[in-house]
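Put together the whole structure using the sequences plus the hints.
Protein chains in written order, with the working numbering: chain A, 34 to 325; chain B, 5 to 261.
Hint data in this document are derived by calculation from the structure and do not stem from the laboratory. Check before you lean on any hint, since a few could be wrong.
[As the list claims (entries may be wrong)] Covered stretches of chain B, going by a simulated chain A footprint (3 or more residues, C-beta under 8 Å):
| no. | segment |
| --- | --- |
| 1 | 43 to 49 |
| 2 | 80 to 88 |
| 3 | 188 to 201 |
[What the hints assert, rightly or not] List time: in silico DSS-like cross-link candidates among lysine-lysine, alpha-carbon distance up to 27 Å:
| no. | chain 1 | residue 1 | chain 2 | residue 2 |
| --- | --- | --- | --- | --- |
| 4 | A | Lys322 | B | Lys213 |
| 5 | A | Lys163 | A | Lys99 |
| 6 | B | Lys196 | B | Lys213 |
| 7 | A | Lys322 | A | Lys163 |
| 8 | A | Lys322 | A | Lys263 |
| 9 | A | Lys322 | A | Lys264 |
| 10 | A | Lys263 | A | Lys163 |
| 11 | A | Lys163 | B | Lys213 |
| 12 | B | Lys36 | A | Lys322 |
[To be verified] Chain A side only, calculated, beta carbon under 8 Å to chain B, not exhaustive:
| no. | residue |
| --- | --- |
| 13 | Gly113 |
| 14 | Pro241 |
| 15 | Pro242 |
| 16 | Arg266 |
Keep in mind that this is a model prediction, so the values were computed, not measured. Just so you know, even glycine gets a beta-carbon here, dropped at the ideal spot from N, CA and C.
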Amino acid sequence: MHPAPSVIVFTTLSGLGFGLLFWLGVGVAVPTGWTAFAFFAIGYILAVGGLLASTFHLGRPERALKAFSQWRTSWLSREGCAAVAALIVTALYGTGLVFFDQRWAPLGWLGAALCIGVTYTTSMIYAQMKTVPRWRTWLTPALLLSISLAGGALLAAQITLAIILLPIAAIVQIAWWVRGDNALGRSGTTLSTATGLGHIGTPRAFEPPHTGTNYLLREFVHVVGRRHSKKLRTIAFAFGYVLPVMLLGLPGAHVAAALAILSHVIGIAASRWLFFAEAEHVIGLYYGKRAA
Amino acid sequence: MTALPETTQRKLGLVIDLDTCVGCHACVISCKGWNTENYGAPLSDQRPYGEDPSGTFLNRVHSYEVQPPATSTAPHPAAQLVHFPKSCLHCDDAPCVTVCPTGASYKRVEDGIVLVNESDCIGCGLCAWACPYGARELDAEEGVMKKCTLCVDRIYNENLPEVDRVPVCVRTCPAGARHFGDFADPDSDVSKLTAERGGFDLMPEQGTKPVNKYLPPRPRDQLDAPPQTDVLAPLLDTVAHESAGLIAWLDRALSKV
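Below you can see the structure in the form of structure tokens.
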């Protein structure tokens with residue numbers, strides 16, 4: 034799949050922002066006044082900034098409001114509805130903390146549940162795709178949720194939580210990579226089933242339908258070299274998970290925590306780039322671009 | 005509404021005969037022409053005469069080589085070249101429809117055609133992600149999703165002579181490799197053709213239940229027969245039985261060396 038910067042920025046930042054808002058809503062951190070304002074502002078800038086970035090990949094962004102209508106069937110529509118609900122409820126909860134020094138706990142819990150809902154619906158947009166075997170697993174929601182919660186704990190300055198949640202996210206990440214590497218092979222979709230010619234012999238793509246490129250090749254057929262991918266996985270793993278945990282163990286809380294957050298964001302962005310770039314859409318088979 | 009209908013009254017679709025298709029791309033060009041000039045946003049091209057040309061098409065023809073396995077009777081079987089037109093299959097369980105966040109994508113109850121309401125499409129591309137066949141293309145100029153309409157503006161068009169009320173790819177095909185009809189009717193030509201020739205689905209394991217069917221290429225039973233250069237060959241006699249003159253002398257001299 035084409036690793037579109039808008040979607041990488043969106044899923045990385047929104048995941049982090051909704052993770053932070055989740056921990057604020059649950060009440061693990063209960064800041065008030067200006068401190069609360071700063072925490073909520075960071076959460077909103079990340080969550081809303083990510084959502085805005087996602088509209089850049091639309092062909093007709095001016096019609097984006099229509100996307101709230103099909104929540105009965107579409108995960109993308111559900112994600113939009115969940116995001117708006119989460120932002121409104123969390124804003125009300127934040128108002129209490131910032132302006133009235135009041136913690137309206139039930140509102141916080143509802144907001145937290147909705148924040149989880151946003152990340153879950155985002156992940157299901159990918160996990161539902163039968164056409165992309167690497168994504169079609171319960172590990173995809175597990176991956177996005179564990180990263181969101183770990184990153185959120187990091188931002189909420191919950192050192193203990195972060196030290197527990199980051200390694201959990203790291204384990205899910207490894208499981209997701211290992212499973213994904215032969216997902217296309219195990220999916221049963223091959224050039225033989227794609228063309229129905231398998232009963233004659235082994236089909237091979239002889240000539241593509243067009244000499245130039247097209248939307249399908251640009252959007253769905255992105256091939257990452259194996260060595261390139263290994264290096265990026267190492268970077269994603271080291272910066273996203275290992276380095277933040279090590280930094281949190283160091284004395285000098287504020288500087289170390291800031292560096293841990295920075296490192297985590299870099300690592301997760303790399304992981305998210307691979308999430309798209311390595312995902313094989315079965316359309317690639319028709320073009321002879323996949324080994325399976 | 006992007007929920008799929010339980011059933012459709014008719015199942016209009018195509019039969020594509022892989023045995024007959026000659027790979028001329030006439031269906032591709034006629035489709036581009038009709039669907040640029042008629043219903044919906046035109047199928048745009050980007051830099052058509054410049055570097056890196058690209059454009060939107062609703063129908064594309066791939067070509068595949070199939071190598072039959074060697075057997076004791078045919079130790080070196082010849083590979084077969086199969087031209088493979090591909091467009092929307094108007095699936096019964098169309099995954100492109102249910103993912104649409106705006107309700108722009110829908111499947112019609114009356115005839116099963118999968119369409120896009122272009123004024124509702126936000127161009128998110130998710131339906132193209134959900135389609136395993138690459139049947140949908142986002143138009144770079146209009147920012148909306150384009151797909152085969154089964155020429156819905158031809159098949160019911162009473163301004164056209166009756167013979168033209170079929171999808172333009174079917175009308176154009178010079179080899180007769182494309183057939184249009186109702187698969188819900190077991191006595192229709194397309195249903196009979198599919199039953200007779202063993203029509204099959206593309207990627208059945210994806211569970212999309214495509215309406216369009218493909219007919220397999222017939223075995224090329226003459227390909228591995230001993231070569232015969234010309235049907236007239238047995239009737240033609242050799243003109244010169246014995247050589248003479250300088251060439252004959254040279255031939256004799258060289259063969260003695």
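Checked hints:
With 0 residues having a beta carbon nearer than 8 Å to a beta carbon of chain A, the segment 43 to 49 of chain B misses the requirement of three or more and the stated coverage is violated. With a cut-off of 8 Å between beta carbons, the segment 80 to 88 of chain B has 6 residues touching chain A; three or more are needed, and the interface restraint holds. Check on the segment 188 to 201 of chain B: 0 of its residues sit with their Cβ under 8 Å from a Cβ of chain A, so the three-residue criterion for coverage is violated. Using a Cα cut-off of 27 Å, the hinted pair Lys322 (chain A) and Lys213 (chain B) holds, with the two alpha carbons roughly 25 Å apart.
Distance restraint check for Lys163 (chain A) and Lys99 (chain A): the Cα-Cα separation of roughly 25 Å lies within the 27 Å cut-off, and the hinted pair is therefore satisfied. A hinted pair counts as satisfied when its Cα atoms are at most 27 Å apart, and Lys196 (chain B) with Lys213 (chain B) qualifies at roughly 18 Å. Restraint check for Lys322 (chain A) and Lys163 (chain A): satisfied, since their Cα atoms lie roughly 18 Å apart, inside the 27 Å limit. Using a Cα cut-off of 27 Å, the hinted pair Lys322 (chain A) and Lys263 (chain A) holds, with the two alpha carbons roughly 20 Å apart.
Between Lys322 (chain A) and Lys264 (chain A) the alpha-carbon distance is near 22 Å, which keeps this suggested pair within the 27 Å criterion. Between Lys263 (chain A) and Lys163 (chain A) the CA atoms are separated by roughly 25 Å; this keeps the pair inside 27 Å, and the hint holds. With a C-alpha separation of about 14 Å, the suggested pairing of Lys163 (chain A) with Lys213 (chain B) holds against the 27 Å cut-off. The straight-line distance between the Cα atoms of Lys36 (chain B) and Lys322 (chain A) is roughly 26 Å, inside the 27 Å bound, and the hint therefore holds.
The beta carbon of Gly113 (chain A) is positioned within 8 Å of a beta carbon in chain B (closest approach about 7 Å), and the interface hint is therefore held. Checking Pro241 (chain A) against chain B by beta carbon gives a least distance of about 7 Å; that is within 8 Å, so the hint holds. Checking Pro242 (chain A) against chain B by beta carbon gives a least distance of about 4 Å; that is within 8 Å, so the hint holds. Checking Arg266 (chain A) against chain B: minimum C-beta separation of about 24 Å lies over 8 Å; hint violated.
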